[in-house]
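Chemist: Each chain, letter by letter, is given below.
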Amino acid sequence: MSIKKYLTATTLGAVLISSPAFAADIKLSGFLSAGVGKTLDDDTTFSVDPITGATYNNDDILFAPESMVALQAQSTITDQMRATVQVVAKGANDYNANVELAFLSYELTDNLTVNAGRFRLPLYFYSDYLDVGYAYHWIRPPGDVYSIPQSAIDGVNLRHSSYLGNSDVEIETIAWYGASDIPFGEDTTLEVRDDWGIAPTLTWDWLKVRLLHNSLQVGDFGSATYQALAFMADYNDFIWRSEISVLDSGGSETLSWYGSLGYQVGNFTPHITLSNSNPDESDDFNTFDPATFQATGLLDTEANSTTVGVRWDFHPSSALKLEYTTRTDESISTVKATNVATTVENDVSVISVSLDIIF
Amino acid sequence: MKKFLLPSLALCFFLGSSIASYAEQVVIVHPSNTSGISATDIQRLYLAKLKKFSNGSAADAVNQEEGSAIRINFDSTVVGKNEAQMKSYWAKLVFTGKEVPLKQAGSDQEVIDLVSSNPSNIGYIDASNVTDAVKVVHTF
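Protein chains in written order, with this note's numbering: chain V, 1 to 359; chain W, 1001 to 1140.
Heads up, a few of these hints could be off.
[To be verified] Ranges between beta-carbon positions, derived for each pair:
| hint | chain 1 | residue 1 | chain 2 | residue 2 | range |
| --- | --- | --- | --- | --- | --- |
| 1 | W | T1040 | V | L108 | 48 to 58 Å |
| 2 | V | D181 | W | Q1043 | 38 to 48 Å |
| 3 | W | Q1043 | V | G266 | 36 to 46 Å |
| 4 | V | D181 | W | Q1104 | 19 to 29 Å |
| 5 | V | Y106 | W | Q1104 | 21 to 31 Å |
| 6 | W | P1101 | V | D194 | 31 to 41 Å |
| 7 | W | V1136 | V | T78 | 45 to 55 Å |
| 8 | W | P1031 | V | L255 | 23 to 33 Å |
| 9 | V | G222 | W | T1040 | 42 to 52 Å |
| 10 | W | V1136 | V | T306 | 34 to 44 Å |
| 11 | W | V1136 | V | T76 | 51 to 61 Å |
[To be verified] In silico BS3-like links for lysine-lysine, alpha-carbon gap of 27 Å or less:
| hint | chain 1 | residue 1 | chain 2 | residue 2 |
| --- | --- | --- | --- | --- |
| 12 | W | K1052 | V | K38 |
| 13 | W | K1049 | V | K38 |
| 14 | V | K38 | W | K1051 |
| 15 | W | K1092 | V | K208 |
| 16 | W | K1052 | V | K27 |
| 17 | W | K1135 | V | K208 |
Calculated from the structure, these hints are not laboratory results. Think of the CB as a built atom: it goes at the ideal place given N, C-alpha and C, for glycine as much as any other residue.
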């Protein structure tokens, strides 16, 4: 998998870099995160990335789970056309390179751009730059909402942006259609098809509101839809971030949300975040469907998390972050084997530190 | 120290705004650029929310060197973002592939060279370095 992706990246990179027509107008940039973390109690683990499966544990101080580096090349081909390639290597993947972005952009009008190729799924507010730790205040956005097994998809998207009339209200909309194969278990992949969505974002002064609708087909298991609402504010030195999401999959709904408040004091931004993920429990004990579980990767788990942390902008291109997260989840175990639901409560606390740089 | 401070304060008071804006900085375009350019337009140009002048011709915003005093002042007074906020904002645009980073010049002279040689460029420099090769459209 990664060798093939690596070759694709290398080939694309070589094409971009060697072709004389592009030589004058290539912008190279990148970002990296060096992370470290450990859980605080015996026999506990804390998942930090649903795609790589990276977790912190109590036995070791681990550096690999959240460390990564990315390189990006952007080539302006004509005034209207541009190519973007981004290759991401994560410690949790043994730094094998994965192509996260590889698309051509064409400006149809001043307000409308079409992009074709591989792009990050713009599901939630942070989804299309989830790897760019420098661009947000946490080490990672709340896992109760952001446990999405999918990062990039192959397809097309349209981006539109304009101001409403003569006002200062900006509306940006992205709509997409595509497909992806998600690694699932050891040797299987889930085929995600007919993945389409639309997400308008309204920005006015210090307020931002984003809506999302996404619909997809998962292999033979059926369809799923995501609907989400984000409400963000940057008011003086306060920052507020919140999202709520409903995943409807095989007749079962999962509601998840977070709210985060931060306050900038000079170069420091202390913050606190609460988050929750809750499958509808009214019927799942009786109608738990292993196929749905396999299709969505969702375990019927209610979880609550609290994170307190601080971001220190010690340099214009670098931020150091320290976070403490405590999470309680009630997972229903043994349901698959016996069809008898047993609720188990797990508590985990984790300390993590990250250095995020852009270049 | 106190003896020095008091007369200085008095002097500031009497000379008023001319002292306060001792280091005036300006936004410049090519002399042939006759577009109306508002403060909001300039802000949007540097946030990549606007790509054209009001006359419909292409606009390319030119930045000064990262960390330079003039860029920090421009970002905070004209764009309305501090250094870290501006970096985060652009990191999001660049690493989603939506925009390429703005052109960057190393000095006022380099900004003047870029602006005077290309009518689509717009830049900002210290007012004391303005020459006939460029036109001032905004003061901050």
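Chemist: Each hint needs a verdict: does it hold in this structure or not?
Modeler: Hints and how they fare:
no.: 1; hint: W/T1040 x V/L108: 48 to 58 Å; result: violated (25 Å)
no.: 2; hint: V/D181 x W/Q1043: 38 to 48 Å; result: holds (43 Å)
no.: 3; hint: W/Q1043 x V/G266: 36 to 46 Å; result: violated (24 Å)
no.: 4; hint: V/D181 x W/Q1104: 19 to 29 Å; result: violated (40 Å)
no.: 5; hint: V/Y106 x W/Q1104: 21 to 31 Å; result: holds (26 Å)
no.: 6; hint: W/P1101 x V/D194: 31 to 41 Å; result: holds (35 Å)
no.: 7; hint: W/V1136 x V/T78: 45 to 55 Å; result: violated (32 Å)
no.: 8; hint: W/P1031 x V/L255: 23 to 33 Å; result: violated (60 Å)
no.: 9; hint: V/G222 x W/T1040: 42 to 52 Å; result: holds (49 Å)
no.: 10; hint: W/V1136 x V/T306: 34 to 44 Å; result: violated (53 Å)
no.: 11; hint: W/V1136 x V/T76: 51 to 61 Å; result: violated (29 Å)
no.: 12; hint: W/K1052 x V/K38; result: violated (50 Å)
no.: 13; hint: W/K1049 x V/K38; result: violated (42 Å)
no.: 14; hint: V/K38 x W/K1051; result: violated (47 Å)
no.: 15; hint: W/K1092 x V/K208; result: holds (15 Å)
no.: 16; hint: W/K1052 x V/K27; result: holds (22 Å)
no.: 17; hint: W/K1135 x V/K208; result: violated (36 Å)
Hint compliance for this structure: hints 1, 3, 4, 7, 8, 10, 11, 12, 13, 14 and 17 are not met, and every other hint is.
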